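Residues in the sequence shown are numbered from 1 upward in steps of one, following the UniProt record's numbering.
It is worth saying that the hints were derived from the structure and are not from the lab.
Predicted, not measured: the structure shown is a model, and the values here were computed from it.
We put the beta carbon where it would ideally sit given N, CA and C, even for glycine.
Be a bit skeptical, because a hint or two may be false.
[What the hints assert, rightly or not] Simulated restraints, written as ranges between beta carbons of each label pair: (1) Val337 with Pro242: 25 to 35 Å; (2) Phe216 with Ala149: 18 to 28 Å; (3) Val197 with Pro258: 21 to 31 Å.
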Amino acid sequence: MSALTGSAQQHINYATFDGLRGVAAVMVIIFHLAYRAEWAQVITHGYLAVDLFFGLSGFVIAQAYSPHLQAGMSLVQFTILRLVRLYPLYFLGQLLGLCILALFGHDAMLLIKAFILGSIMIPWPIYIENIPPIFPLNGPSWSLFFEMAINIAFALTVAMLSSRVLLSLLAVSALALVAAAMHFGSLHLGWNAYNLVGAVPRVGFSFIAGILLFRFAPRIRTGNMVPLLVLVALLPLLIIGPKRWWLDLAIIMLVFPPMLYLAASWQPTGAVKTICHELGRISYPLYIIHTPALYLGEKIISDSGIPEAWKVIAWATLVVLIVVTSAILPNLYDKPVRSAIERAIKPYGSNAQSTALKRL
């Protein structure tokens, strides 16, 4: 058993986080698939995987950017780096949503407006189908919007705040989260016009918790399987259990922070590390393209009139295709586009900032 300490821990790539991101993305897909196929209704709290994403983001953003922001990185420089990381796949998700919805006769002007506003990350809820999502071309984009918002807030103030102040903000966020859960009866919030306000305590609590977990991160150890076993034991809480607001709160406030702490305390090796890295590599493309793909599947598979057994096979095939596409996109599309943008902005940024971009 070995421990990683000091500056080495400040710059380590947490492979366990990669694995958690991948598992969370798969849970989101299965949760959304359940709206289209009853047999897939096995993950009752899959929407809470987004809160896990926010917690992971708080930890990793604090790790990667706090030193640069404290050394004088400007808000503009920080925002550009974050957009370079997030935007290529985000834009692809908007484009896929536009093309797929256009295939099924939706109002062209509404789609064009939604694409223009969605492409510049402006929420615009419209009734293309039924409930108005704030990003109608690609529903999961709502979390990217709030990810950018909390990132900017972090760069402006949070990175400079003491841990004591952050603990106070965490407490306020927790109270707001409880109020939102009780008011709406669930924490499946933030994605549509009716519950948009609920996204604020969701992202606030989990992101701040992630920052604090980074500041008090445990010494990383390899070779100890106990954290892995505990993580595996905690994951079923996203799968089982009734849809109750108090259970949503318990998972976000009492399960996810210890889960992240355990993940930060253990570094996998060998095959497990490779699997974790692969899960992390495909997690973002998986998250951002699955909704347009599932919508296409709904129109083709659910409305096809084929026997239910064949529908199950068709849906399973589509999910496999989504995963395979997500495995291809990083090298085929995301990395080349990001590299081109990075080359274009390199004359305007420092080496330290370029390093920060490459690490995320």
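For each hint, the structure was consulted:
The hint said 25 to 35 Å for the Cβ distance between valine 337 and proline 242, and at roughly 43 Å that hint is violated. Distance hint check: the CB atoms of phenylalanine 216 and alanine 149 are about 25 Å apart, consistent with the given range 18 to 28 Å. Separated by about 28 Å at the C-beta atoms, valine 197 and proline 258 satisfy the suggested range of 21 to 31 Å.
Going down the numbered hints, you'll see the structure goes against just number 1.
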